[in-house]
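Engineer: First to last, the protein sequences are chains A and Y. So the first sequence is residues 1 to 471, counted in my numbering. So the second sequence is residues 1001 to 1471, counted in my numbering.
FYI, nobody ran anything at the bench for these hints, they're computed from the structure.
Per the computed footprint, the stretches of chain A lying under chain Y, defined by three or more beta-carbons under 8 Å from a beta-carbon of chain Y, are:
1) 154-166
2) 193-207
3) 222-230
4) 351-364
5) 422-428
In the EDC-like style, the derived pairs of lysine to aspartate or glutamate whose C-alpha atoms are separated by at most 16 Å in a straight line are:
6) 276/A <-> 333/A
7) 1222/Y <-> 172/A
8) 276/A <-> 323/A
9) 222/A <-> 115/A
10) 222/A <-> 1172/Y
11) 329/A <-> 148/A
Model, not experiment: these values are computed from the prediction. For glycine and all other residues, C-beta sits at the position ideal for the given N, C-alpha and C.
Residues per chain are reported as follows:
2 protein chains.
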Amino acid sequence: MALEGIEKVARNEAGIEAVLGILRQRYGERFHTGQAIREQHGHTTTYIPGQAPDGVLFAEAAEEVQEAVRICADHSVPVIPFGTGSSLEGHVNAPGGGISVDLSRMNKVLAVHAEDLDCTVEPGVTRTQLNDYLRDTGLFFPIDPGADASLGGMASTRASGTNAVRYGTMRENVMSVSAVMADGRLINTAKRARKTSAGYDLTRLLVGSEGTLGIITSLTLKLHGIPQAVSGGVCPFPTVDAACNAVIMTVQMGIPVARIELINGLGMKGINAYSKLDYPEGPCLFLEFHGSESGVAEQAEMFGEIADELGGGPFNWTTVAEERNKLWKARHDAYWAGLALRPGAKALSTDVCVPISRLADCISETEADIAEMKLVAPIVGHAGDGNFHVMVLMDMADADEIARTEEFVARLNMRAIAMDGTCTGEHGIGQGKMQYLTHELGSAVDYMRAVKQALDPKCIMNPGKIFAMKG
Amino acid sequence: MALEGIEKVARNEAGIEAVLGILRQRYGERFHTGQAIREQHGHTTTYIPGQAPDGVLFAEAAEEVQEAVRICADHSVPVIPFGTGSSLEGHVNAPGGGISVDLSRMNKVLAVHAEDLDCTVEPGVTRTQLNDYLRDTGLFFPIDPGADASLGGMASTRASGTNAVRYGTMRENVMSVSAVMADGRLINTAKRARKTSAGYDLTRLLVGSEGTLGIITSLTLKLHGIPQAVSGGVCPFPTVDAACNAVIMTVQMGIPVARIELINGLGMKGINAYSKLDYPEGPCLFLEFHGSESGVAEQAEMFGEIADELGGGPFNWTTVAEERNKLWKARHDAYWAGLALRPGAKALSTDVCVPISRLADCISETEADIAEMKLVAPIVGHAGDGNFHVMVLMDMADADEIARTEEFVARLNMRAIAMDGTCTGEHGIGQGKMQYLTHELGSAVDYMRAVKQALDPKCIMNPGKIFAMKG
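One chain only, chain A, in its complex shape (with noise of 0.2 Å):
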């Protein structure tokens, strides 16, 4: 397994003992060296081995977060942040060890202010538990990257999903974080006003930083109307190319499309046998409006004759819930109706997003790949984002199969940054795609490099993530 590319970071094993010995006597049993737990929280879907920390405290509030990395900057000890690991790029291994600091027990809704639209968390709430808080209000948080992952990793991640097409992203939805800094002080990046010209925006300099700049203890989160009606469906295409033409006129039209989710014909077959389901086993889109209900009848409407126009269809909608929630309940069981497409195999997820207009050719191009490099991969794809996901379905006991990964998974990093993307449109860097994002923005991310060292010169902050400090 080539790990080139992947940064070494080395043991302070003097440090490491110390700190060890400060936080056992200071927590107590609410930090853990057990082999258990340590690999727990410290993984990776990627090729990368599992990195475990040497330790694990269960932080409870931002002034444990605080001391905890006061003790592990006095001593330049790694600290590296976990929600609920559900990250895909090993952002919560520890290649140098150092402790893990984890905040699922911060885990408070500390204010909803309804009139606002926003509110107030910890940063191990979960997204699920906060839309479940805030079911009486009308009001719900709409980023759903399918895991239930915790607010605080999902902010510094920058994550997505399948609705960013009409909400945005933790980018646009993140109004302010508290964060602790390399050098133990917290710091508040943002008042509570919807707009601010006010100095350099470090809440967006946070929020997909990975952990590398400090650790989010609340954030403060736009929140939306649940809509008065929704309505959704799945429409068949004759080829991704139609599929992907689809997209961009629904987009291009102003239709405020809530969620249109491609997925490819072996995508299809899989979620037809996993969720046994009979849907067309060819390019699929996944749809869903949000509105009055007038509006959503009408925006179906005018899909459904976008679809007409370019050999598709039928698009059969819905508005009642059940129906929705079936097709939708099939859309996030992808993954598991990838792995049973081949019983035993690891599945690896890649994460391209490119403009729009070139989203079907690097569909076609990845698919032909994925037949010349004889692999098993499953499409889905955020598209009215350009962002797809390829699952490569491994089996790890096949040393050259993992190796014609590596090579395919490469190629469509490349091919994504060859039409102006990026190799990664919602599961971040972590520590696969650093040679990837020098590829893609070049010396720009020397200026990356030289912000981390500003804000975190010892470089305790989830080292050996994003990019190597050597340069």
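Chain A is already provided as a structure; the job is to place chain Y on it using the hints.
Structural biologist: Relative to chain A, chain Y alone:
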């Protein structure tokens, strides 16, 4: 006049002399040192006097901006970017002298990607120039700060305006920038994908950085489909409180209002006099809705019901373009109408932004303070965002009135901050609000300063803005 809190920037006479010589020789008549042009490039609309740069370079390409920055860096001389000069917070002032880089000749639209709903422009393109260029594409760029500002300048101040409530601000609509950094290197912050999780968000670090981190040499912007139909109208309310509650209900019900602007009684009086209209002279909301024919009618009807419920109205709305244009012309002329309320006065604009639940309180307390301080000061507000401008009409010959104005502004900024708001929703910090930024964000400002120090160690990029470098 209180110039405390304004950072003094020491002049580097020897360096400036050297740079003037080099630029004069290199650029000939494109480099100006005449007093009139210099003064036109260093001004402010605050209490702070104009501070002219020592020379003005009319740059025509990114390479020229790079060269100018490198020459200035070699001699530790300030570089101040200049678009149209319409910013309000002294951003173009040169407190330590130096070179103004005028970008108005870099005014080409470089690419329009209609399928992707984006375009790439040089920084000197103005918003109306861009919209004229887009006329045949069915697309438009929505951000409208009133002035026909340059898009590079709008990005640098994180500008917004009347329709941010629906379309967002420059923060949400700039997809990437190319920028010349303090060491003279040119970087591009992101590819053209709609979403990305590729490293730190340098795009949003540069947006709103007021030229203190780099000079933008091109921008990729999101475009939006021109709505099929538009409706709009003016709705009177018995009190500011009732008007603000109508705003809250509109936003909370998820009506996708495109513009919802508040003008108080004095503001309406000015508008009627200036534009020869006969609107009610109490608090009014100016509204606009974008959507399908049936959608904009539905939205307007829904708003009319809200107004009625709160004792406001009648809400007379129309989809006829000439009538709508008349109403928005009147709104956009509010600045001139304000000036006409007190001929000969200078207008100073404040820019606080609060959570909308606090907007009514903030405006009511501010109106009371205007009366107590015996000032003439109409109010116009981007109510949907909680952002409002008090336009204080000052007799510049009356020192006591100027002192009262300063005190009033200080109290207003502190009031907004105490209400969890900001001293600037869209104009920026510039020279005059440094002390309020510190009140607002406390130690977070230290990390902004650390970023500045890391990316511009010689502090040549627009020095004396946003924060004092001494700390």
